[in-house]
Amino acid sequence: MTNTVLEAKNIVRDYHVAGGLFTKARTVHAVKNVSFSVERGKTLAIVGESGCGKSTLARILTLIDAPTAGELFIADKKVDIAHAGLPPEMRRKVQIVFQNPYGSLNPRQKIGDVLGEPLKINTDMPASERRDRAMTMLQKVGLGPEHYNRYPHMFSGGQRQRIAIARALMLNPSLLVLDEPVSALDLSVQAQVLNLLADLQDEFQLTYVFISHDLSVVRYIADEVMVMYFGEAVEYGTRDEVFSNPQHSYTKTLFAATPRADVDSIRARLARKKTAA
Amino acid sequence: MPLLEIKNLRVAFDTSVGEFIAVQGIDLSVDEREVLAIVGESGSGKSVSMLAVMGLLPDTATVTADSMTFNGRDLLTMTVEQRRKIIGRDIAMIFQEPIASLNPCFTVGFQIEEVLRVHMGMDRAQRRARAIELLQQVGIPEPEQRLSTFPHQMSGGQCQRVMIAIAIACNPKLLIADEPTTALDVTIQKQILDLLMRLQAEHGMGLIMITHNMGVVAETADRVVVQYKGRKMEEADVLSLFESPKSNYTKALLSALPDNATGDRLPTVSDFILDAPDGAPA
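Line by line, the protein sequences are chains P and H.
To convert, note that position 198 of the first sequence is 198 in the working numbering; the numbers rise steadily by one, no gaps.
To convert, note that position 183 of the second sequence is 183 in the working numbering; the numbers rise steadily by one, no gaps.
Just chain P, same shape as in the assembly:
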């Protein structure tokens, strides 16, 4: 068995928009011919602006949506949910963490039930064991057993994102898709969650597909980087290649637009302002 956890070959996803009385039906090409592969324990970052197809790709990778064309391999097994359906053991291998921790937890469900539900649906584990596992997982993500019976509204944004990560890890997945997991969080909380993700990756040999538009976060966490623009992968390479020598003009625009927080660029800006005044 090779070490490749996820491989995508020429993934295409089109959405057909039905026509109305006055509008014609049309096709939106959300993802165009995207290929990549990720090895065990590594992180692939997908970068792009809103509407570039990165979340569509995330839905395909987490087996929620079927691609229109192209092949998807998870742990060297071909997955084709449109025609062959989805074997239950595959569902366990891939999990997702969503962007907004305020929207992705059911407000009427206690944290213990949030964590136990994936096990209840996917396994025939007895309730006592589900409870034990949920308790262990709470501690792994930096929360305590006292949080088991609380409701989501009693937690802060960073704590909720920890809960969402814990829920995703309950089934021991090998691949975790993180759709902008820290963009709704404050800087200091963002640092805590990124540290947690790094720790969990080491402990469970997890593979991450990390979707983000924040290049400083990507530079910190990624091994490989793919830049998407209007559904196409315009740049794909190791982190150092992409950051030191961006090829595509969009990648360069993206780098130029990222605010720089070092002392030299502040000096340069203040000097420019002085000459302009």
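Bear in mind the hints are in silico, worked out from the structure with no lab data behind them.
Be aware that a few hints might be false.
In silico lysine-lysine, DSS-like type, Cα no more than 25 Å apart, as pairs [as the list claims (entries may be wrong)]:
1. H/Lys173 - H/Lys85
2. H/Lys7 - H/Lys190
3. P/Lys42 - P/Lys77
4. P/Lys252 - H/Lys190
5. P/Lys32 - P/Lys78
6. P/Lys77 - P/Lys93
7. H/Lys7 - H/Lys246
8. P/Lys78 - P/Lys42
9. P/Lys274 - H/Lys85
10. H/Lys190 - P/Lys274
11. P/Lys273 - H/Lys190
12. P/Lys93 - P/Lys78
13. P/Lys32 - P/Lys9
14. H/Lys85 - P/Lys273
15. P/Lys9 - P/Lys42
Guided by the hints, dock chain H onto chain P, whose structure is given.
Below, chain H without anything else, positioned relative to chain P:
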């Protein structure tokens, strides 16, 4: 004389479990033509203190201060009618969520012209001409056609431009921008920040930039106030803040930037402030 000067501001909310103090002991001042950034994480009271200036807090809030003056006029003793003449005209505010802060039921043109009607008393033709001019200033193409579009027909970046157009409609002396780019992509963020800085320089406005993004601070501010749990931690000009931060909290914020990561782990606030203070500066 500073444009806006606040001394010892305290804002408390009445709740069912007693009084909650959101902001305490805040002093700040902005001069004409100055860009002041207020930095802090959620719950640090950075928006609350500006809403207190605007008089937009709910009835449950109690605002007290030693003094709060705008352009030499006392905002605390002013009647509601007097204040309404200033708010929206001399002090304007831009909010975080552009799509949520525009009214979905009215066209963009109506919403811009409303400000001009209330504050400037312009007639219909003047209002329309001014609205077109404003849309041009904020960089929206085909402004004549755009006047009759609704907010949902525009992108987030364009809605934010319309918000800015409404805010600068009466040539305000002070513009308060509450996280103006948080909901936007980096490329759009850059455009909006450039636009705000250009307008600020052209009109000579004072600008208060509320943000939690240190990158935005570095790109825009002259002076920075750092807030944490409702208290002011540090005030410095932008260069010395980034070069030699004084308070532990600022140091923590700067080192939590992934850009500055040196080892495998990002330092967090708790590495710097061991017993996270309940309001007291560390």
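Verification of the hints:
no., hint, result
1, H/Lys173 - H/Lys85, "13 Å, holds"
2, H/Lys7 - H/Lys190, "33 Å, violated"
3, P/Lys42 - P/Lys77, "19 Å, holds"
4, P/Lys252 - H/Lys190, "14 Å, holds"
5, P/Lys32 - P/Lys78, "20 Å, holds"
6, P/Lys77 - P/Lys93, "12 Å, holds"
7, H/Lys7 - H/Lys246, "22 Å, holds"
8, P/Lys78 - P/Lys42, "20 Å, holds"
9, P/Lys274 - H/Lys85, "34 Å, violated"
10, H/Lys190 - P/Lys274, "21 Å, holds"
11, P/Lys273 - H/Lys190, "17 Å, holds"
12, P/Lys93 - P/Lys78, "13 Å, holds"
13, P/Lys32 - P/Lys9, "11 Å, holds"
14, H/Lys85 - P/Lys273, "33 Å, violated"
15, P/Lys9 - P/Lys42, "19 Å, holds"
Violated hints, in rising order: 2, 9 and 14; the structure is consistent with all others.
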